[in-house]
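Chains as they are written, first to last, in the working numbering: chain S, 18 to 274; chain A, 572 to 836; chain B, 3 to 265.
Derived from the structure by calculation, the hints contain no laboratory data.
All residues carry an ideal CB built from backbone N, CA and C; glycine is no exception.
Just so you know, not all the hints are guaranteed correct.
Said to hold, decoys possible - In silico contact screen, one side only, chain S against chain B (beta carbon under 8 Å); selected entries:
1) 112
2) 113
3) 114
4) 126
5) 133
6) 135
7) 209
8) 210
9) 213
10) 237
11) 240
12) 247
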Amino acid sequence: MGRRSIIGFATLATLAAAWYLATVPLALISPGRFPSPLDVWVSLRQVAIRGYANGVLHDHVVHSLKLVALGFAVAAMTGVPLGLLMGWSRRAEALINPVFLVIRPIPPLAWIPLTILWLGLGDAAKVLVIWFAAFVPATINSFTGVRSIDPAVVEASRMLGTPLRRFIPEVLVPAAGPMIFTGLRLSLQASWTTLVAAELVGALYGLGRVLNVAQQDIYPGMIFVGMACVAVLGWATTRVIAEVERRAMPWVQIAGS
Amino acid sequence: MAAITFEAVGKTFRRAGADVPAVERVDLAVAEKEFVAVVGPSGCGKTTCLRLAAGFEFPTAGFVKVDGRPVTAPGPDRAVVFQQFALFPWKTVFDNIALGPRNKGVPKAERQERVTRLIALMNLQGYEGAFPHELSGGMQQRVAIARAYVLDPDVLLMDEPFGALDAQTRVMMQEELVRLARINPRTVLFITHSVEEAVYLADRVAVMTRRPGRIKEIVDVGSVRLADKWGTYERIEDVMDLESFVHLRTRIWRSLREEKSVDGQ
Amino acid sequence: MGRSATKPLTLGETLGYGAIGLIVFFGVWSLLSFSGAVPRQFLPAPHELAARFFDLLTTPFAGATLPRHLASSFFRFGCGFLLGAAVGIPLGLLMGWSRTLDEIVTPVFDALRFIAPIAWVPFAALWFGTGLGGPILIIFAGAFPPCLINAYRGARFVGRPLVEAAQMLGTGNLRIIVEVLLPASTASIIAGLRVSAGLGWQSLIGAELIVASAGIGFMMVQAQLNISTATVMSGMVAIGLVGLLIDVALRSLEAEVRRRGLA
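Construct all of the structure, not just a fragment, from the sequences and the given hints.
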């Protein structure tokens, strides 16, 4: 293990020890404010086995994941082609840009009350909000991806007599690939954040709901569990996209982030 | 094989609201299977001339014709080799070279055979499945040349193709181009900064004035090459040692220098 | 930005197409609203929205006029944002400077990084109730990371070579940090401020939607409960406008700094 990993490990271990000490033997932090490690364990067991806020942890996670997946997929399938079109055609850009500029400054979370008005507290409203949130980064980055294509590569493909039906999948999309994936990563992040917020505002299932109920019940252990789950799932889905990116674009040397 | 003709060609660009003339009244004829190199001071418009022949730009005055017909669009009949290679980073060496024939509708078996032959010709065996970023600059340019040659183009347009390579690789590529030209002569328009390169490779060398560029003079190298039998020498440094070579090079250099000093560079 | 394949449009063409786009957008909107395809309650026509927006500038809703709600939100945003910058920038610079500090802090940061700022709301509510501390915590959670990361990157990658030159010249440590590291990282820091402001503003809105007692998010929740769609949408417009203004302000700061050659 390198020095970096050792120090990292040591730091986290120290913090964990401090956490335990502060909450249990020394009782520096009251249990009503922040859970001890034991509280967290108890909460985890409860939500995982007996259930909390209308469901078992597994149900909540799957529910949240499904909504994120759906919203993200729709956003990607609408945003990326639109961004590519706007990048390629100046006309399309001029046509769509003003509308985009009107919609763009509105933060995704600000759409929540409106979608609740329109579609209630159910899944449809959540997916709609996620779509709003995830759509913009996908479009913008795909747009930039097209605009940053090396003009010589486009000229080379014209010189080779490449017809449009071949140009789009074999030149345009791969060339814009890295930026498209940057947009997708941002979209996914936005999807998660928006979903958690939407579920916190009002929902029947999902991790946000768990957090909401835990807050109302003044149950810090469960809040901690909820936050940890959100973090873990956020990390996991990011890794999935990174892996898809790595496989889809074997020619890209990804520099250290 | 086709010929290229520039007839009183002018090209003016519009930059930041002002008209910038790049070339003015260029008259040049490249005969079939002739290798013409164009040299000139920076910004004289030599690359513009190539791009006009390629069909990436259109003249604002005069005509650019290939095979007697005006150029209207880029195409595989006028293959281009770019200075920065312009290979497709996401395609393997094989796929990069194969795209042109695919666009032409060449059936798979014949395509396979053609591409493989070019790979062998350019000494790229073993690298068919590699991506461009895994290759050195010289190898990438060889792929670019293969990509152009596989089209069996009427005209070959080379825009400072060895400019991005280090000095030693550059020399090797020059020798290789001469070898190719011997096996497979075609009409070539070759843009370069290097007078030595031009004299070594070309049948005729056109010298351009500074911007806006015109053809200042055209020097016949081919007849000297024949008379002094440069072709009998294998190595470039042997040719460059010959008095006839040095004489031509110095003459063209002097002509270029006039253009540069007038410009105050 | 590079060129697209098609030729650039003239100014007239750009404005023309833009106008068409906007007309289509507002046209479809009006059509949906007037025809009753969407009930009027849920989709006020554009002019009705405009009327409501201007009305809210003077008429109170949910306890205050729109500008007062905005001011209240902005104040909370300001506190959280400044706190995030005040902690994040120095810490980031020091982490870029000291490898040891970097190795200690980074794992903790990486562990916490994936918690969406909004997920801090329950704890914020638990610890601060409806007090000022709650929103500030959440804004801080959103604004702090970009400030830290950008200051770190500026110090580590831009500053490093210059720091080495300064050390060679025998410059003392404090002077190096203040006179070399900080100026060299300015461009990166300001870029971080822009991202951070955007995230902070968004997180605030989110927080106000959930634990609302004042501010524009609160106003929107009340409007939603009262099924006053025009008010909700007016809130969205106001939020967008303020967010835009913040970004424009920071962008001109960036341009000014660049102009003066500080970055």
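Against the structure, the hints come out as follows:
1. Annotation: interface hint on residue 112 of chain S holds; nearest CB of chain B at approximately 4 Å, less than 8 Å.
2. Nearest Cβ of chain B to the Cβ of residue 113 of chain S: about 6 Å, under the 8 Å cut. The hint holds.
3. A cut of 8 Å between beta carbons decides the hint on residue 114 of chain S: the least distance to chain B is about 6 Å, and the hint holds.
4. About 4 Å separates the beta-carbon of residue 126 of chain S from the nearest beta-carbon of chain B, less than 8 Å, and the hint is met.
5. Hint status for residue 133 of chain S relative to chain B: holds, with the closest Cβ pair at about 6 Å, below 8 Å.
6. The closest approach between the C-beta of residue 135 of chain S and any C-beta of chain B is roughly 6 Å, which is under the 8 Å cut-off, so the hint is satisfied.
7. Hint on residue 209 of chain S holds. Least Cβ distance to chain B is approximately 6 Å, under the 8 Å limit.
8. Taking 8 Å as the C-beta contact cut-off toward chain B, the hint placing residue 210 of chain S at the interface holds, the least distance being around 4 Å.
9. Contact between residue 213 of chain S and chain B, as hinted, is supported at the beta carbon level, the nearest pair being about 5 Å apart and thus within 8 Å.
10. The beta carbon of residue 237 of chain S comes within 7 Å of a beta carbon in chain B, closer than 8 Å, and the hint placing it at the interface holds.
11. Annotation: residue 240 of chain S was flagged as interfacial toward chain B, and the flag holds, the nearest CB pair being 5 Å apart, inside 8 Å.
12. Hint on residue 247 of chain S holds. Least Cβ distance to chain B is approximately 5 Å, under the 8 Å limit.
Against the hints set out earlier in the document, no violation occurs for any number.
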